[in-house]
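Please take these sequences and the hints and turn them into a complete structure.
Chains A and B are the protein sequences, given in the same order. Sequential numbering from 76 applies to the first sequence in our numbering. Sequential numbering from 18 applies to the second sequence in our numbering.
In case anyone wonders, no lab produced these hints; they're calculated from the structure. Glycine included, each C-beta is placed from N, C-alpha and C at the ideal position. Among the clues, some could well be false.
Unchecked claim - No farther apart than 25 Å at their CA atoms in a straight line, the calculated lysine-lysine pairs in the BS3-like style are these:
1) A:K225 with B:K20
2) A:K143 with B:K101
3) A:K113 with B:K113
4) A:K77 with A:K254
5) A:K225 with A:K330
6) B:K20 with A:K113
7) A:K143 with B:K103
8) B:K101 with A:K77
9) B:K103 with A:K77
10) A:K225 with B:K103
11) B:K167 with B:K20
Said to hold, decoys possible - If you anchor each label on the Cβ, the simulated ranges turn out as follows:
12) B:S186 with A:G106: 25 to 31 Å
13) B:A49 with A:D322: 51 to 57 Å
14) B:E183 with A:N148: 39 to 45 Å
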Amino acid sequence: MKLQIQHLLGLEGVSREDINLILDTADNFYGVLQRDIKVVPTLRGKTIVNLFYENSTRTRISFELAEKRLSANPLNFAASTSSASKGETLRDTIQNIEAMKIDMVVVRHSSAGVPYFLTKCTDAVIVNAGDGLHEHPTQALLDMMTIRQKLGRLEGLKVAIIGDIFHSRVARSNAWGMKTMGMDVVLCGPPTLLPQHPESLGVPVTDNVDEALEGADVVMLLRIQLERQSSAVFPSIREYRDRYGVDLDRLSKLKKDVVIMHPGPVNRGVELASNVADSGNSVILDQVTNGVAVRMAVLYLLGGGE
Amino acid sequence: MKKVELIMDSHSLDLALTRMAHQIVEHNNDLANMCIVGMQTRGVFLARRIAQKINQLENVCLDCGILDVTLYRDDYRNAFKQPKVKATDIPFDINKKDVILVDDVLFTGRSVRAALDALMDVGRPRTIQLAALIDRGHRELPIRADYAGKKITTLAKQEVALKVTEIDSEDSLWLMEVEEGD
Numbered sequence: 076m077k078l079q080i081q082h083l084l085g086l087e088g089v090s091r092e093d094i095n096l097i098l099d100t101a102d103n104f105y106g107v108l109q110r111d112i113k114v115v116p117t118l119r120g121k122t123i124v125n126l127f128y129e130n131s132t133r134t135r136i137s138f139e140l141a142e143k144r145l146s147a148n149p150l151n152f153a154a155s156t157s158s159a160s161k162g163e164t165l166r167d168t169i170q171n172i173e174a175m176k177i178d179m180v181v182v183r184h185s186s187a188g189v190p191y192f193l194t195k196c197t198d199a200v201i202v203n204a205g206d207g208l209h210e211h212p213t214q215a216l217l218d219m220m221t222i223r224q225k226l227g228r229l230e231g232l233k234v235a236i237i238g239d240i241f242h243s244r245v246a247r248s249n250a251w252g253m254k255t256m257g258m259d260v261v262l263c264g265p266p267t268l269l270p271q272h273p274e275s276l277g278v279p280v281t282d283n284v285d286e287a288l289e290g291a292d293v294v295m296l297l298r299i300q301l302e303r304q305s306s307a308v309f310p311s312i313r314e315y316r317d318r319y320g321v322d323l324d325r326l327s328k329l330k331k332d333v334v335i336m337h338p339g340p341v342n343r344g345v346e347l348a349s350n351v352a353d354s355g356n357s358v359i360l361d362q363v364t365n366g367v368a369v370r371m372a373v374l375y376l377l378g379g380g381e
Numbered sequence: 018m019k020k021v022e023l024i025m026d027s028h029s030l031d032l033a034l035t036r037m038a039h040q041i042v043e044h045n046n047d048l049a050n051m052c053i054v055g056m057q058t059r060g061v062f063l064a065r066r067i068a069q070k071i072n073q074l075e076n077v078c079l080d081c082g083i084l085d086v087t088l089y090r091d092d093y094r095n096a097f098k099q100p101k102v103k104a105t106d107i108p109f110d111i112n113k114k115d116v117i118l119v120d121d122v123l124f125t126g127r128s129v130r131a132a133l134d135a136l137m138d139v140g141r142p143r144t145i146q147l148a149a150l151i152d153r154g155h156r157e158l159p160i161r162a163d164y165a166g167k168k169i170t171t172l173a174k175q176e177v178a179l180k181v182t183e184i185d186s187e188d189s190l191w192l193m194e195v196e197e198g199d
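See the structure below:
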């Protein structure tokens with residue numbers, strides 16, 4: 076059982092078999108995380124560099140924990156404290172790090188396509204931890220793992236993803252991945268925050284929340300970047316909350332067992348009301364737990380072999 | 018792969034498991050402290066059958082768990098075919114217990130080595146005893162079975178294939194050989 080892909084650059088074009096293998100493997104790593112001793116010796120001797128050119132708490136910690144629980148040696152690199160701030164190019168940085176004998180690179184960068192570029196300048200296995208406005212594949216995988224855990228399947232489920240779709244690599248990865256898995260995805264947000272060419276994602280896009288929520292099994296809210304308010308993409312936080320936020324009133328009109336998700340960090344009281352974020356329908360913390368299991372699965376499946 | 022010889026049919030397989038169950042009971046005075054763990058995949062079904070036999074024999078109710086050793090293997094780095102990670106399910110405490118570890122075929126001893134490490138990560142048993150349906154020789158590590166259904170002589174290139182009704186529709190154990198051009 077081997078993945079067809081050699082690197083995880085995104086979910087666009089990744090087969091259903093590969094996604095299923097990652098999710099099945101992650102379910103078993105979830106079991107490892109429930110034990111007293113949460114470490115397995117599988118990746119002993121492998122060195123994994125976490126190359127983070129963009130700030131991140133959750134994703135970086137999650138990857139580092141996944142690496143440690145597989146007994147790999149993680150090496151953390153933050154661009155702000157590195158030679159990148161002295162003007163070293165990405166290619167030089169990665170080739171210098173590779174010269175120190177590393178096996179895998181987990182990369183986050185503000186430019187789309189950086190993970191792909193890295194595959195051209197190193198032999199190491201590359202895992203995308205978020206690249207610009209492009210993809211964040213491990214987030215989408217942990218979202219699908221969580222949905223499967225809660226609802227028992229993926230195929231045929233209706234998912235509404237609501238928020239700043241335009242700037243969201245999470246929405247993009249989920250749209251591609253979920254479509255491959257036979258799910259019914261609809262993207263929703265203010266017209267100014269929708270992609271200009273939604274047809275390239277292959278899923279319906281709307282600015283009508285009620286239409287998006289109709290019959291949804293899963294509702295995923297995305298963080299509204301408050302700093303964007305000044306760029307006049309929506310008139311005010313309050314207006315956004317009223318039109319697109321999910322509160323108890325909206326929740327009461329949804330299916331009883333609807334799954335409420337958010338990739339974090341949550342703006343409580345904006346895209347998601349506090350009492351909904353803490354309700355029994357919310358799986359936000361399960362998503363975080365599953366993130367470690369999914370990343371262990373990805374590292375395990377990509378790191379093996381010759 | 019071609020079949021060379023039938024080592025056990027359904028009847029002799031059942032007899033072997035019955036004998037192993039008796040031996041396990043004979044060697045363990047305190048059955049209340051005992052539990053059984055089967056190694057994925059077919060060891061799981063053998064473990065259940067042995068547990069059932071002991072339960073009937075001694076009127077007890079043994080805990081029976083499942084162990085997957087994939088993450089503990091020593092050939093991860095160069096394994097050409099990556100084995101699929103399967104479930105480990107030991108929903109009971111194994112600390113200070115006598116654990117009967119059940120495997121189908123004992124060969125190089127490497128999966129048992131992995132299983133010992135995996136069990137130690139779950140807890141610290143008082144003893145671990147190994148029950149293998151077939152001991153086919155060619156050990157590469159200092160490991161032996163406490164209870165063996167049958168010892169046979171094989172060539173290293175041959176394979177021993179167990180089928181169990183639970184997933185293969187029949188009970189049988191065949192010695193197999195790689196054919197030219199396989």
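Comparing the hints with the structure gives:
{"no.": "1", "hint": "A:K225 with B:K20", "result": "violated (45 Å)"}
{"no.": "2", "hint": "A:K143 with B:K101", "result": "holds (21 Å)"}
{"no.": "3", "hint": "A:K113 with B:K113", "result": "holds (20 Å)"}
{"no.": "4", "hint": "A:K77 with A:K254", "result": "holds (22 Å)"}
{"no.": "5", "hint": "A:K225 with A:K330", "result": "holds (14 Å)"}
{"no.": "6", "hint": "B:K20 with A:K113", "result": "violated (42 Å)"}
{"no.": "7", "hint": "A:K143 with B:K103", "result": "holds (21 Å)"}
{"no.": "8", "hint": "B:K101 with A:K77", "result": "holds (8 Å)"}
{"no.": "9", "hint": "B:K103 with A:K77", "result": "holds (14 Å)"}
{"no.": "10", "hint": "A:K225 with B:K103", "result": "holds (20 Å)"}
{"no.": "11", "hint": "B:K167 with B:K20", "result": "holds (18 Å)"}
{"no.": "12", "hint": "B:S186 with A:G106: 25 to 31 Å", "result": "holds (29 Å)"}
{"no.": "13", "hint": "B:A49 with A:D322: 51 to 57 Å", "result": "holds (55 Å)"}
{"no.": "14", "hint": "B:E183 with A:N148: 39 to 45 Å", "result": "holds (41 Å)"}
Of the numbered hints stated above, those contradicted by the structure are hints 1, 6, listed in ascending order.
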